[in-house]
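Chains as they are written, first to last, in our numbering: chain B, 9 to 257; chain A, 28 to 361.
Among the hints, erroneous ones may be present.
Claimed, not checked - Taking beta-carbon pairs under 8 Å as the criterion, some of the chain A residues facing chain B (in silico):
1. Ser214
2. Lys221
3. Ala222
4. Glu225
5. Ala229
6. Ala230
7. Val232
8. Gly234
9. Asp236
Hints were generated in silico from the structure; no laboratory data involved. Every residue gets a Cβ at the ideal spot worked out from N, C-alpha and C, and that includes glycine.
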Amino acid sequence: MSSETILKTSQLTKCFGNLIAVKNVDLEIQRGEIIGLIGPNGAGKTTFFNLITGLEIPDKGKILFKNHDITFMSPHRICKLGMSRTFQVTRSFGEMSVEDAIRVGAYNRRGEKEVQKKVDWVIEFFDLSDIRRSKCNDLGLASLRQVEVARAVATEPDLLLLDEAGAGLTGAELFKLMAALKKLNQETRITLCVVEHVMPMVMGLCERIFVLDAGELIASGNPDKVCNNQRVIEAYLGGGISLETGFTG
Amino acid sequence: MNVFKKTNIGKLLIIFLIIFALFIPFILGSNQYQVLLATTVLLYGVMATSWNIIGGLAGQLDFAAFAYLGLGAYTSGTLLIRFNLTPWIGMILGGVIAAGFALLIGIPLFRFRIKEVWYALTTSALVEILKVSFNMWEEVGGPVERCLPYFSGSLLHMRFTSYIPYYYMMFAMLIIALFLNQRIASSKLGYYLKALGEDESAAEVLGVDTQTTKLKALLCYSFLIGMTGGIYANMYGYIHPSFFNGQETTKIAILGIVGGRGITYGPLLAALLLVGAQEYLRASLGGEFSGLYLLIYAIILIIVVLFKPRGIATFVQDAYKKIITGEVKNKDVV
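Put together the whole structure using the sequences plus the hints.
Set out below in structure tokens:
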């Protein structure tokens with residue numbers, strides 16, 4: 009696999025008042041990888057996502073996406089370049105149907121003539137045909153999360169950021185989502201970056217993991233290596249607990 | 028399923044309604060006052076339908092409808108008085124001026140992400156500011172009402188001795204507004220507007236340029252109302268700062284919300300029912316119980332908000348679905 013850097017941040021820093029949410033983070037993501045971003049609550053994971061998707065402007069540092077400087081770019085232009093995301097707290101288009109919500113994403117790369125085809129493909133891929141005409145407001149959490157991933161995928165991103173897409177899902181639902189994401193990664197070479205607390209999802213999905221704590225990048229590497237990193241264990245769970253017992257599917 | 032049957036019923040209904048609307052002036056023909064009332068109902072229908080683009084689809088609580096109406100009326104009226112320019116061109120320029128003004132307001136408003144109540148406050152202030160400004164602007168008449176020339180009627184100058192032509196012009200505007208609404212709602216712009224109306228950040232990360240998209244909606248809305256303003260000025264035969272009506276401007280938003288935000292025919296339906304009832308009540312009860320029409324109007328409003336918070340149009344939608352499919356929905360609940 010050719011290793012082409014798709015995202016590179018250097019010295020990325022964001023403060024809210026006295027709180028340093030993200031501090032001097034340098035990381036690189038290669039095209040086609042599945043990256044996990046973990047860390048305890050308040051570690052700055054969501055802020056990091058907000059920074060690279062343009063929802064917040066960093067105080068310091070630089071973000072390169074596909075060799076474009078996107079540090080101060082607005083979210084919709086970043087999306088046009090090929091990056092999309094989901095949100096930790098689902099932000100659905102409540103009064104729109106599932107199909108329409110996905111259509112909004114699909115318009116990113118498709119004109120009026122092709123958009124329906126793309127929508128159908130995404131609905132097929134995520135197995136949403138049963139609920140395609142339902143309003144998002146009528147959906148349960150599991151479906152909502154799937155729709156949110158689906159509409160982000162419909163923008164045809166090269167890099168997809170998932171902010172706790174697995175939170176609140178049952179084992180079976182999680183497995184389904186993971187399978188879909190893995191398939192997507194294999195079929196379209198999409199790069200995935202997932203923020204996750206649900207450990208089986210991280211361990212089962214990710215090839216490389218970054219660990220944030222109090223805004224700082226404290227470890228990176230393959231899952232096994234990160235799991236056994238003493239500093240990670242201490243920061244993340246307190247001493248002496250194995251990460252693998254964090255969840256029972 | 029019954030795709031043919033479904034579209035046929037809808038189309039037949041629309042054709043029937045159009046024909047019915049075309050015949051209304053003949054039914055009321057002998058009574059000019061009632062034709063004026065019918066035209067007024069249509070005026071609110073046009074304005075509420077136009078409002079639906081920015082307020083319904085895009086979810087921006089806009090209160091500036093009468094600002095654009097006034098601008099359109101003043102543009103068309105002043106051009107006729109001063110330069111003898113036919114209002115047929117004047118009304119289009121009225122739309123352009125209104126849209127241009129909306130652009131000036133909209134760019135900073137959307138650039139600095141003014142929304143929700145702040146957007147509502149800004150836009151309703153706009154009407155008052157314009158009213159005061161036009162009161163002081165002597166060149167276009169100041170506080171004195173300026174009558175439009177050609178009292179005895181002139182087709183070229185859009186002046187008629189009967190209200191019936193104005194009725195048809197307003198009706199044509201309504202068709203244009205409805206058509207534009209429908210086209211927008213089923214296009215990329217419409218989907219983008221709906222999405223940003225629900226959640227701006229979520230729309231942004233899906234590639235929606237919320238600033239430009241909102242601006243486009245604002246331009247369509249203000250242009251339509253600006254053009255309507257041209258008809259408005261000629262219908263009443265004068266221009267006056269009271270056209271920037273701070274009270275009535277709220278009503279447009281109310282009609283849009285009560286009718287059903289984002290549903291093409293919703294605001295029109297609300298205008299027909301509420302303004303129709305209001306004007307009828309005012310005409311029939313006005314002498315004996317002045318102000319009673321307001322009470323009844325308010326009661327209708329409360330009933331609608333209580334029982335159909337998503338708008339009167341949802342009632343029609345449900346009924347329509349029942350007729351078409353012969354069954355209640357609820358199938359799609361997860």
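Hint check, failures only
Hint check: nothing fails, all pass.
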